[in-house]
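Produce the entire structure from the sequences given, and follow the hints as far as they go.
Quick note, the sequences are listed as chains A and E, same order.
Under the numbering used here, think of the first position of the first sequence as 438, with each following residue one higher.
Under the numbering used here, think of the first position of the second sequence as 956, with each following residue one higher.
These are computed hints drawn from the structure, not numbers from a lab.
In this text, all values refer to a predicted model and were calculated from it rather than measured experimentally.
Ideal placement from N, C-alpha and C gives every residue a C-beta, glycine not left out.
Any given hint could turn out to be false.
Unchecked claim - Quick list of the computed label-pair ranges, beta carbon to beta carbon:
no. : chain 1 : residue 1 : chain 2 : residue 2 : range
1   : A       : Asp-516   : E       : Lys-1073  : 53 to 61 Å
2   : E       : Gln-1233  : A       : Arg-473   : 37 to 45 Å
3   : E       : Pro-1195  : A       : Glu-534   : 20 to 28 Å
4   : A       : Gln-544   : E       : Arg-1250  : 46 to 54 Å
5   : A       : Leu-529   : E       : Ala-1025  : 53 to 61 Å
6   : E       : Pro-993   : A       : Asp-472   : 44 to 52 Å
7   : E       : Ala-1025  : A       : Lys-542   : 57 to 65 Å
8   : E       : Glu-984   : A       : Gly-466   : 49 to 57 Å
9   : A       : Val-533   : E       : Met-1059  : 54 to 62 Å
Stated by the list, open to error - Simulated coverage check for chain A against chain E, where a stretch passes if three residues somewhere in it have a Cβ under 8 Å from a Cβ of chain E:
no. : segment
10  : 443-451
11  : 537-549
Claimed, not checked - Just a few of them, taken from the derived set where beta-carbon distance is under 7 Å, the chain E residues facing chain A:
no. : residue
12  : Ile-987
13  : Leu-1129
14  : Gln-1174
15  : Ser-1232
16  : Ile-1234
17  : Ser-1240
18  : Asp-1243
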Amino acid sequence: MLPFRMQFKTGMPAYGQVVYAVKKAIISGGMKPGDRFPSVRTLSQELRINPNTAHKVVAALVNEGLLEVKPGIGTLVADAQPSTRLQRGDLLNGEVERVVVEAKKLQLELADVVRAIEQHWNRLS
Amino acid sequence: MNNVIETQGLKRRFGKTDAVDNLTLAVPEGSIYAFLGPNGAGKTTTIKMLMNILEPTAGVAKVLGVNSTALGPREFTQIGYVSENQQMPEWMTVSQFIDYCRPMYPNWDTAFCGKLLKQFDLPLDRKLKSLSRGMKMKTALLSSLAYRPRLLVLDEPFTGLDALVRDEFIRGVLELSEEGNWTVFISSHDIDEVERLADWVGILDGGRLHLAESAVALQARFRSIECVVGEAARLPASTPRSWLGPEMAGHCMRAVESSYQPEASEALIRSVFPDASQISASPMSLRDIFLALARTFRLND
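Laid out in structure tokens, this is it:
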């Protein structure tokens, strides 16, 4: 079993979906610093994704500082969170842009978006 | 990088029809190559030539560096082949069938075979003829995986399999990834079956190859673009050549950009629609890219 929940949606590249699912699990506490992260092979087999995609997912998460490779132990959820809040905020850029584009298409006001975000925020806190 | 399969001008004629015509194909080592196309596109004919079951009318195919017409028992210890209409000795039990296959492969891995048997949940003492289609296909896959081939060739393996068996089948194929140099060549008429598995895609139709590219390259150059345009805007008679299937609905213009570059693509939209606003370009899944291409090539399925 994988330590994060993954339900693929059609129409979106698999790579981004897996990266997002892992980030969500780390931020929401589903995976905690020091937790072991599945190997590339396990990831590929459990998710039925191309091993190269699985490799790219792990490399990207290591690169962003969310996972760390401990020689002889494996890949773990990293202790050190990205150093500043601003940097962490950057992780959300793409998602925020998508939400804003969708909201504008729906002709919503900023306040509507903020309210919707608040609802989800409170549900997870 | 080495190519595990390489063909040049490969052709096969049946009567007056070219089932495969001038096919030049390269399958890089280490890839999971999805060979896609509608039924009747020539996929099975191609694979039969690669496996030395059919002789080419013209052209050459090399598999693991050997001319396909010279492939023999020695090469086949490195190749696993499972086809939709796999011929099997129906009167054998699963366990007899495994005993029958094992001596042909000096590289047979008994422990791996045991692991797969358990994973596939196969009944050792049942005769092959009494097995369901799914179980038969899993048995065929097992007998092609157990010697850890360098090249696995699967011809429409998922036809008639239910979702659960298909899932087990894919999981089984991925078991091979323990090895460093393994390559999978898998034909399918349905992109959904192989979307997350493939990292190379070839599209065959009418015996001809329409496209052969890595998934990474495809996903880098394809974007679904969308924008809102002003009053009374119409799609001009000629649109940029890199746009596939541009459509207008109300004030919304949608197209698939096939050579995406952040700034250039936006400038291109503005050159066609000077008042375009809310321009967006979203990455596409392999499936959506395939569907956009299929519509453009008018693949008939």
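To see whether the hints hold, each was checked on the structure:
{"no.": "1", "hint": "Asp-516/A with Lys-1073/E: 53 to 61 Å", "verdict": "violated (38 Å)"}
{"no.": "2", "hint": "Gln-1233/E with Arg-473/A: 37 to 45 Å", "verdict": "holds (44 Å)"}
{"no.": "3", "hint": "Pro-1195/E with Glu-534/A: 20 to 28 Å", "verdict": "holds (24 Å)"}
{"no.": "4", "hint": "Gln-544/A with Arg-1250/E: 46 to 54 Å", "verdict": "violated (31 Å)"}
{"no.": "5", "hint": "Leu-529/A with Ala-1025/E: 53 to 61 Å", "verdict": "holds (57 Å)"}
{"no.": "6", "hint": "Pro-993/E with Asp-472/A: 44 to 52 Å", "verdict": "holds (46 Å)"}
{"no.": "7", "hint": "Ala-1025/E with Lys-542/A: 57 to 65 Å", "verdict": "holds (60 Å)"}
{"no.": "8", "hint": "Glu-984/E with Gly-466/A: 49 to 57 Å", "verdict": "violated (42 Å)"}
{"no.": "9", "hint": "Val-533/A with Met-1059/E: 54 to 62 Å", "verdict": "holds (59 Å)"}
{"no.": "10", "hint": "443-451", "verdict": "holds (count 6)"}
{"no.": "11", "hint": "537-549", "verdict": "holds (count 3)"}
{"no.": "12", "hint": "Ile-987", "verdict": "holds (6 Å)"}
{"no.": "13", "hint": "Leu-1129", "verdict": "holds (5 Å)"}
{"no.": "14", "hint": "Gln-1174", "verdict": "holds (6 Å)"}
{"no.": "15", "hint": "Ser-1232", "verdict": "violated (9 Å)"}
{"no.": "16", "hint": "Ile-1234", "verdict": "violated (9 Å)"}
{"no.": "17", "hint": "Ser-1240", "verdict": "holds (5 Å)"}
{"no.": "18", "hint": "Asp-1243", "verdict": "holds (6 Å)"}
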